[in-house]
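J.: Chain by chain, the residues run as shown.
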Amino acid sequence: DVKVTQSSRYLVKRTGEKVFLECVQDMDHENMFWYRQDPGLGLRLIYFSYDVKMKEKGDIPEGYSVSREKKERFSLILESASTNQTSMYLCASSYPGSTDTQYFGPGTRLTVL
Amino acid sequence: AQTVTQSQPEMSVQEAETVTLSCTYDTSESDYYLFWYKQPPSRQMILVIRQEAYKQQNATENRFSVNFQKAAKSFSLKISDSQLGDAAMYFCAYRSKGSQGNLIFGKGTKLSVKP
Numbered sequence: 001d002v003k004v005t006q007s008s009r010y011l012v013k014r015t016g017e018k019v020f021l022e023c024v025q026d027m028d029h030e031n032m033f034w035y036r037q038d039p040g041l042g043l044r045l046i047y048f049s050y051d052v053k054m055k056e057k058g059d060i061p062e063g064y065s066v067s068r069e070k071k072e073r074f075s076l077i078l079e080s081a082s083t084n085q086t087s088m089y090l091c092a093s094s095y096p097g098s099t100d101t102q103y104f105g106p107g108t109r110l111t112v113l
Numbered sequence: 001a002q003t004v005t006q007s008q009p010e011m012s013v014q015e016a017e018t019v020t021l022s023c024t025y026d027t028s029e030s031d032y033y034l035f036w037y038k039q040p041p042s043r044q045m046i047l048v049i050r051q052e053a054y055k056q057q058n059a060t061e062n063r064f065s066v067n068f069q070k071a072a073k074s075f076s077l078k079i080s081d082s083q084l085g086d087a088a089m090y091f092c093a094y095r096s097k098g099s100q101g102n103l104i105f106g107k108g109t110k111l112s113v114k115p
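So the protein lines, in turn, are chains F and Y.
Letter by letter, the first sequence follows residues 1 to 113 of the working numbering.
Letter by letter, the second sequence follows residues 1 to 115 of the working numbering.
Extracted from the complex, chain F is given alone in its bound form (with noise of 0.2 angstroms):
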């Protein structure tokens, strides 16, 4: 079975502060995704990536940076955390392809204080 996991389940942290969220799928897939999901705005698309060290920005991206060293990991880095940066966030991963089937970690539940 695929795996992806995520490294915090729930997370608080203080504005300001430098808030990293680690992804890691055992399954060697190219793409990786991060999403953010809020109540009444469904699932979006914070940044991908297709390949190690590459990194495209999605719907979302203003207050994030990614990071992908490797082809198993991608890091999610909120520079300065804020408030309005409170929410859910997924990360999916998926191997390229016609049906790219997208799998998903258990999402990190980060609240800013």
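Errors might be hidden in some of the hints.
Computed list of lysine to aspartate or glutamate pairs in EDC-like fashion (alpha-carbon distance at most 20 angstroms, straight line) [stated by the list, open to error]:
(1) K97(Y) to D38(F)
(2) K73(Y) to D86(Y)
(3) K3(F) to E30(F)
(4) K71(F) to D100(F)
(5) K110(Y) to E29(Y)
(6) K97(Y) to D100(F)
(7) K97(Y) to D59(F)
(8) K110(Y) to E15(Y)
(9) K70(F) to E56(F)
(10) K53(F) to E69(F)
(11) K71(F) to E30(F)
(12) K97(Y) to D51(F)
(13) K55(Y) to E29(Y)
(14) K97(Y) to E69(F)
(15) K3(F) to E56(F)
(16) K55(Y) to E69(F)
(17) K110(Y) to E30(F)
(18) K70(Y) to E29(Y)
(19) K107(Y) to E69(F)
(20) K107(Y) to D59(F)
(21) K3(F) to E62(F)
For the record, the hints were derived by calculation from the structure and aren't laboratory data.
As the structure is a prediction and not an experimental result, all values here were calculated from the model.
With chain F's structure known, arrange chain Y on it following the hints.
T.: Chain Y alone, transformed into the frame defined by chain F:
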């Protein structure tokens, strides 16, 4: 830009009954993929069913089936013989064939199943 609309924020169904969740999308592309994902409470999002736009036949996975109307840009999910474990948020999603794989999601429909 493509958009996905789920017009039903919440739905309710009696156990063993059938329910249909609606999804419409907007695109100018002719070839693409559509998905329904399920997110149970406090659990991971999982794929329920997938449809390729060039296939006219509606996809089916056990009790889950879709009604894909390409001309109407409609992609509804039918759940037959509903079970308590079907209670979840359901998200409709779109992917361009030529994209790197990123999905465009609807806002979701929360399905409750009554015993």
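J.: If a hint holds in the structure, say so; if it doesn't, say that too.
T.: Evaluated hints:
1. With a C-alpha separation of about 27 angstroms, the suggested pair K97(Y) and D38(F) falls outside the 20 angstroms cut-off, and the hint is violated.
2. Under the criterion of a C-alpha separation no larger than 20 angstroms, the hint pairing K73(Y) with D86(Y) is inconsistent with the structure, at around 25 angstroms.
3. Straight-line distance between C-alpha atoms of K3(F) and E30(F) comes to about 14 angstroms, which keeps the hinted pair within the 20 angstroms bound.
4. Distance hint between K71(F) and D100(F) is fulfilled; the C-alpha atoms sit about 17 angstroms from each other, no more than 20 angstroms.
5. Using a Cα cut-off of 20 angstroms, the hinted pair K110(Y) and E29(Y) is violated, with the two alpha carbons roughly 29 angstroms apart.
6. Restraint check for K97(Y) and D100(F): the C-alpha separation of about 10 angstroms stays at or below 20 angstroms, so the hint holds.
7. Simply put, K97(Y) and D59(F) have alpha-carbon atoms about 18 angstroms apart, close enough for the 20 angstroms limit, and the pair holds.
8. Between K110(Y) and E15(Y) the CA atoms are separated by roughly 15 angstroms; this keeps the pair inside 20 angstroms, and the hint holds.
9. Proximity of K70(F) to E56(F) is assessed by CA-CA distance (about 16 angstroms); at most 20 angstroms being required, the pair is judged to hold.
10. At most 20 angstroms may separate the alpha-carbon atoms for a hinted pair to count; K53(F) and E69(F) meet this at roughly 6 angstroms.
11. For the proposed pair K71(F) and E30(F), the alpha carbon gap of about 7 angstroms is at most 20 angstroms, so the pair holds.
12. Distance restraint check for K97(Y) and D51(F): the Cα-Cα separation of roughly 18 angstroms lies within the 20 angstroms cut-off, and the hinted pair is therefore satisfied.
13. For a cut-off of 20 angstroms, the pair hint linking K55(Y) to E29(Y) stands: about 15 angstroms separates their Cα positions.
14. In summary, the hint linking K97(Y) to E69(F) is not supported, as the alpha carbons are separated by about 27 angstroms, beyond the 20 angstroms threshold.
15. Distance check on the hinted pair: K3(F) and E56(F) sit about 23 angstroms apart at the alpha-carbon level, beyond 20 angstroms; violated.
16. For the given pair, K55(Y) sits about 38 angstroms from E69(F) by alpha-carbon distance, which is inconsistent with the 20 angstroms threshold.
17. A threshold of 20 angstroms between alpha carbons decides the hint, and for K110(Y) with E30(F) the separation of about 31 angstroms lies outside it, so the pair is violated.
18. With a C-alpha separation of about 11 angstroms, the suggested pair K70(Y) and E29(Y) falls inside the 20 angstroms cut-off, and the hint holds.
19. Restraint check for K107(Y) and E69(F): not satisfied, since their Cα atoms lie roughly 32 angstroms apart, outside the 20 angstroms limit.
20. Restraint check: the Cα-Cα separation between K107(Y) and D59(F) comes to about 15 angstroms, which is no more than 20 angstroms; the hinted pair holds.
21. Restraint check for K3(F) and E62(F): not satisfied, since their Cα atoms lie roughly 28 angstroms apart, outside the 20 angstroms limit.
Hints 1, 2, 5, 14, 15, 16, 17, 19 and 21 from the earlier list are contradicted by this structure; the remaining hints agree with it.
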